[in-house]
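Chemist: Here is what each chain is made of, one letter per residue.
Protein chains: 2
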Amino acid sequence: MRDVAIIGIGQTAVGEHWELGLRHLALHAIQAALVDAGVDRVDALYVGNMLSGELTGQEHLGALVADFAGMRGVEAFKIEAACGSGAAALRLGYVAVSGGMADVVLVVGVEKMTDMANPHTTAALAMAADADHEAAHGLSFVAANALLMRRYMYEYGCTKDDFAPFAVNAHANAVNNPCAMFHNRVTPEAYIRAPMIADPVNLLDSSPVSDGAAAVVLAPVEWARRLGRTPVRIIASAVGTDAVALHDRRNPLFLEGAALSSHRAYQQAGIGPEAIDLFELHDAFSIMAALSLEAAGFAAPGQGVRLALDGEIGLQGRVPIATMGGLKARGHPVGATGVYQAVEVVQQLRGQAGANQVANARVGMAQNIGGSGATVITHIMESLA
Amino acid sequence: MRDVAIIGIGQTAVGEHWELGLRHLALHAIQAALVDAGVDRVDALYVGNMLSGELTGQEHLGALVADFAGMRGVEAFKIEAACGSGAAALRLGYVAVSGGMADVVLVVGVEKMTDMANPHTTAALAMAADADHEAAHGLSFVAANALLMRRYMYEYGCTKDDFAPFAVNAHANAVNNPCAMFHNRVTPEAYIRAPMIADPVNLLDSSPVSDGAAAVVLAPVEWARRLGRTPVRIIASAVGTDAVALHDRRNPLFLEGAALSSHRAYQQAGIGPEAIDLFELHDAFSIMAALSLEAAGFAAPGQGVRLALDGEIGLQGRVPIATMGGLKARGHPVGATGVYQAVEVVQQLRGQAGANQVANARVGMAQNIGGSGATVITHIMESLA
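Line by line, the protein sequences give chains A and B.
All the letters of the first sequence, read from the start, carry residue numbers 1 to 385 under this note's numbering.
All the letters of the second sequence, read from the start, carry residue numbers 1 to 385 under this note's numbering.
Because the hints were derived from the structure by calculation, they are not lab data.
You can take every hint at face value.
Footprint (simulated), chain B over chain A, 3 or more residues, beta carbon under 8 Å:
| hint | segment |
| --- | --- |
| 1 | 239 to 252 |
| 2 | 364 to 378 |
Partner residues aside, some chain B positions facing chain A, computed with beta carbon under 7 Å:
| hint | residue |
| --- | --- |
| 3 | H60 |
| 4 | M127 |
| 5 | A374 |
Reference listing, derived: stretches of chain B covered by chain A, where coverage requires no fewer than 3 residues with Cβ under 8 Å from a Cβ of chain A:
| hint | segment |
| --- | --- |
| 6 | 49 to 56 |
| 7 | 242 to 248 |
| 8 | 252 to 262 |
These numbers were taken from a predicted model, which means no experiment stands behind them.
Backbone N, C-alpha and C fix where the C-beta goes; we use that ideal spot for every residue, glycine too.
Chain A with its partners taken away, still in its complex shape (with noise of 0.2 Å):
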């Protein structure tokens, strides 16, 4: 098993992309990538998508993306794990490289859900539940989503603006991302004023309906070195699952797969919760951003909203999150998702994240969430600078 970095990183804007196509997208992440990495050669390309056959009628991505992007023959796959499909190609990437069998692996997520109409796209995301007993009943993914909130507001005694921070702190930090989708700073009262959507869940819960594509090329940490480049060392990747449906999980506020995932890469790094300086977690509702903190080990059960509360979340507090936007303010472009949260937790950790610089970033993880909480891939990075 070798040290495996990223030594390079690439992305779009994320917002409504009309005039690409996926293949367009996913090139224009790689190319950036791949001048940032300083290669041009890759020996695997893995695709992280969720969406392309029911929103584009494409499958098939990997020999597609590859033949688009210059790299014609060389081995590529899509992988698929609802809104974890992007880190889900990422850790295979970083197994293939940990394991030897590849020295330079570029993984790119990417996803195109702007050319539909809207209630299309939610029947296309509830393919991320449980098509037969929970989808087949008219449960939308954001319905799933208000379920879990209803139910976290009457076990733990909180109220619906308790929330509110997370969507602010969010919108905050996306005002300086440039490839975020929203630019737009929201208040504590925007938020108890947006139009509710599947109550509990507001407008300002959810993450947005987006375009984007998000590109990293994985490396051993050795090879890297040799090349003069100063490496971002990826210390633990992991994955935990729990059952798809949410009446199947033995408590639906505790999020099993997380809680799995975190502890087993915590392990893997030999480290502890405590040691992380930031975590991009997977806030494609505020309610899951409340459950990560929790499940990770940030904060007791029903304390992720007075941890939001505190102010801790914020680029100065105890655990910075969407320290770039997250999902609700960069925006959320499902199979691309968890490779954008890789990016972004090495810009902070190159020194490269501009006004929303985290002090002294030295250690940061990233937790990707498929479902609503069914597959969950969790990597901890290190800078080696």
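Use these hints to put chain B onto chain A, whose structure you have.
Modeler: For chain B alone, kept in the frame of chain A given last:
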């Protein structure tokens, strides 16, 4: 890098399983493979599947199948490479075990295609082609193969009837495979009279729309030997890709992706095509069988059909193909096919192929193709008995 063995195999019959869902089909194959392997826990589960989203409204198969199979918590993803998805999952399982990331990996290929009306299935299968530049113009996947077959007849001066041996051989072998979809022999005369689907591709040139699941258990060879098993060793695992759209290829009649994949596999195994005792190729259409034989070095360009006409593809021939019925007559549940092929090679190498046993089979090759040649995954296996 460790030597990797297949220590367990399982499969459902291929057919129309209207009473079973995706997760049930997967479970049946998994249970059989685990019993065969004599293990009750695995480190990871990789699911090969192409069309679960489009045809059953279910993505996120990794966690879903893991939970249903009693493995909640385990690392699990879906891998997609069009009709090559099954072998793509096998490839990534091989990478994980070989590199030391996992000791026991379960690979399951599953597809459920018969619940939807056929026009919808045909449209879904076209997602293996280039959505923007082929499917958008109305090219179905059968039509793509018809273009190739017509061009082959024109370039090499052979007739439609010359393709009969592929269907005759596949159906003859399927008769003795209890898991095959078809158990009827066909004659050259029946082939000539078969209804045309997309001229010159007729009904007996085409693999059927099917449901099915197959599974294999991977482990290090040393580990398998300690268990007292007589494993089948994977001596090569290789991938090659090409342009997805036919018009983007240098020569549509030469499958460069397949040639690359085969060449890489031969190099890894240190052997050539003359050492292969049987070749489970991707006969989704007769023309694909001919082109695969040529790309993998068993026949010169234009001579694949000749090899079949000379009787060399039968169980006693120089290159036995479709020994358990192939995609044509065992059936082609697209994302499962690559795993069925691996299961059948193992059956042959263990001497468990019954009436279809290839005499003295020591080395077998399986080649799974995504699209009309854009993703090609080759595995070569060797008996350690």
